[in-house]
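Visitor: Okay, here's what each chain looks like letter by letter:
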Amino acid sequence: MTVKEKYAMFEDYLNDELTDVQRANFERRLEQDSVLLEELAFYRETRDAISARIKWEASKKPFIQTLEGLSKAYFKSDQRARLVSLPRRSLILQVMGAAAILLLIVLVWQPWQKDLYTRYAQHPRADLTERDASSNLSTGERAFNNNEYASALDAFTQHLTDEPGDADVLLFQGICYLELDKEDNAKQNFRQLFNSAQPYKDTGAWYLGLTFLKQNTIDSTAYYLSQIRESSEYYQNAQTLLKKL
Amino acid sequence: MHQDQRYIEGLLNNDHVIIKEIYTTFSDKIKGLVLKNNGNVDDARDVFQEALIAIHRNAQSGLVLQCPFDAYFYVVCKRKWLNMLKKNRRQEVTIHELEGYEGAEVQIEGTQMHHLQTEREDFFWQVFQDLGDKCQKLLRLGWSGLSMQDVAVKMGMTYGYARRRKTLCAQQLIEMVKKSPGFSQLKEL
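If you're matching them up, the sequences are chains A and B in order. The numbering used here numbers the first residue of the first sequence as 1 and each following residue consecutively. The numbering used here numbers the first residue of the second sequence as 1001 and each following residue consecutively.
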C-alpha cells in the first residue's frame, strides 16, 4: 500500500465507505500491524480535532459578541496620570520635584511612542468594490482612500448593518475608529478579526498591536505583535517594531 | 459532576444572565491577579475573555467540571497570563498567586485532562491554518459531515478529483503536524 493509498483507506474507513469485505480485510491488517494502527489513531485524532474546531469556529461568533459587550462594562482602563499636589518645600526641592514630575509626564506620555505609531500605522487602500459602483461600500471606500475617516465610518457602519460578517469591512471600520481616536471601538473590531481564522487573525493581531501602541500600552502591543505568524505579510514589520518597543 | 457545571452550560448556551454573573463575580479577582503580576486592566480584560473563550470551546467538546468553577476559572486565567508573559519574554515568569487560591491547581486536577486535550487540539489547529487556502477549504467541507458529492459541487471539482485532492491535503496536514516543532511536546501532553 502506497502512502497515498494508506490515507485514502483511512478516510474511507473512518467515513464508513468501505464494503464489508474491504473493511474486514483492513481490520485484519490493523490487528497485525501495530504501526498502521497507531497511524490510524493519530489520523483520527487530527481529523476529529480539526472537525471539532471547525464546528466551534462556526458557533463562537454570538458568544464573543456577548463577551465584548460585557468586557467593555467590567474592564474600564484608567490610563490618566495621577497628579499629586506638592507640599511647600525649599526652592531647590520644588525645582527637583518639578523636574521629576516633568520626567514622569514624559515617561507616561511617551511622545516617541506616538512617532512609532505614526510610522507604522500605514493603512492599506480600501479596494472593496468595482470601479464606479454605487453603494455604502463604495462611498466608504472613496472616503477612506481620501482619509475622510468620519464619512467612511458612517458608510461602513451602514454596510455592516446589512452584512455584519464582512471581515474586510470590519477591518476598515476598525481603522476608521482608530484614526478617529475611538480606540475602544477599534479594539472590538480588531478582536473579532483576531478571533477569526487566518489570514484575518494576523491582521487583527497587527491592528490590536497598533491600537495598544497608540495608547502606549507596551506589554499588550508586544503580546499581539508576537502572535503574528512568520508567513504573514505583517511579520517583518511586527518583528522590527517589537525590537523598537 | 460539580454543581457549578451550570456555569459551563451557561457559557455553552451563550446565556447572558450566567455570563454576566461570571463577570460580576470574577472580574475583580482576575484584575487583581493580572495587576499583581505586572499587567494592566487591558491585559486583564484579554486574559478574562480568552479564558472564557477557551472554556466555551472545552464546553462544546464535553467539559465536565469536577471542581468549583471559581478554582477552574482562576487556573485557566493564570495559565493564560503566564503564557502571555512567556511569549513577551519581557517579564519574570513566576506568578504570584492571589490569596485564597494557592491550592487551586490541586483542586482542578480531575478537570485538567480535558484542558490538555484542548491544548492538543490547539496545536493541530495552528498547523491546519498553515495549509494552503484550497486544502483548508476542502478539508473544512470534507470533515464537516457533508458528502463528497456535495463537497465536489461546492469546490467546483469533479467527484473523483475532490476525493483525490482531499486525501492529498489530509496527507500533507499529517506530514506538517509531524514536522512541526511542537510535535515532540505534543507527545508529552
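Hint data in this document are derived by calculation from the structure and do not stem from the laboratory. Treat the hints with caution; some may be incorrect.
[As the list claims (entries may be wrong)] The calculated lysine-lysine pairs, modelled on DSS-like cross-linking and capped at a C-alpha distance of 27 Å, are: (1) B:K1020 <-> B:K1087; (2) A:K4 <-> B:K1178; (3) A:K61 <-> A:K201; (4) A:K60 <-> B:K1031; (5) A:K6 <-> B:K1179; (6) A:K76 <-> B:K1179; (7) B:K1179 <-> A:K61; (8) B:K1137 <-> A:K244; (9) A:K72 <-> B:K1179; (10) A:K72 <-> B:K1178; (11) A:K76 <-> B:K1137; (12) A:K61 <-> A:K4; (13) B:K1086 <-> B:K1020; (14) B:K1178 <-> A:K61.
[What the hints assert, rightly or not] Facing chain A, according to a computed beta carbon distance under 8 Å, are these residues of chain B, among others: (15) I1019; (16) E1021; (17) T1025; (18) K1029; (19) F1124; (20) Q1129; (21) R1165; (22) K1179; (23) S1184.
[Stated by the list, open to error] Computed Cβ-Cβ distance ranges for the label pairs, DEER-style: (24) B:S1184 <-> A:L180: 53 to 61 Å; (25) A:Q32 <-> B:P1181: 32 to 40 Å; (26) A:P124 <-> B:K1087: 40 to 48 Å; (27) A:S34 <-> B:S1180: 49 to 57 Å; (28) A:E230 <-> B:G1145: 27 to 35 Å; (29) B:R1120 <-> A:D127: 24 to 32 Å; (30) B:Y1159 <-> A:T157: 24 to 32 Å; (31) B:E1099 <-> A:E148: 48 to 56 Å; (32) A:E27 <-> B:V1017: 27 to 35 Å.
This one's a predicted model, so the numbers in the text were calculated from it and none came from an experiment. Where a beta carbon is used, it is the ideal one built from N, C-alpha and C, also for glycine.
Visitor: Would you mind marking each hint as holding or not holding in the structure?
Guide: Right, here's what the structure says about each hint:
no.	hint	in the structure
1	B:K1020 <-> B:K1087	violated (30 Å)
2	A:K4 <-> B:K1178	holds (17 Å)
3	A:K61 <-> A:K201	holds (14 Å)
4	A:K60 <-> B:K1031	holds (24 Å)
5	A:K6 <-> B:K1179	holds (19 Å)
6	A:K76 <-> B:K1179	violated (43 Å)
7	B:K1179 <-> A:K61	violated (32 Å)
8	B:K1137 <-> A:K244	violated (38 Å)
9	A:K72 <-> B:K1179	violated (41 Å)
10	A:K72 <-> B:K1178	violated (41 Å)
11	A:K76 <-> B:K1137	violated (39 Å)
12	A:K61 <-> A:K4	violated (37 Å)
13	B:K1086 <-> B:K1020	violated (30 Å)
14	B:K1178 <-> A:K61	violated (31 Å)
15	I1019	holds (6 Å)
16	E1021	violated (10 Å)
17	T1025	violated (11 Å)
18	K1029	violated (12 Å)
19	F1124	holds (4 Å)
20	Q1129	holds (5 Å)
21	R1165	violated (11 Å)
22	K1179	violated (13 Å)
23	S1184	violated (14 Å)
24	B:S1184 <-> A:L180: 53 to 61 Å	violated (48 Å)
25	A:Q32 <-> B:P1181: 32 to 40 Å	holds (34 Å)
26	A:P124 <-> B:K1087: 40 to 48 Å	violated (26 Å)
27	A:S34 <-> B:S1180: 49 to 57 Å	violated (24 Å)
28	A:E230 <-> B:G1145: 27 to 35 Å	holds (33 Å)
29	B:R1120 <-> A:D127: 24 to 32 Å	violated (40 Å)
30	B:Y1159 <-> A:T157: 24 to 32 Å	violated (44 Å)
31	B:E1099 <-> A:E148: 48 to 56 Å	holds (53 Å)
32	A:E27 <-> B:V1017: 27 to 35 Å	violated (50 Å)
Hints 1, 6, 7, 8, 9, 10, 11, 12, 13, 14, 16, 17, 18, 21, 22, 23, 24, 26, 27, 29, 30 and 32 from the list above are not met by this structure, while the remaining hints are.
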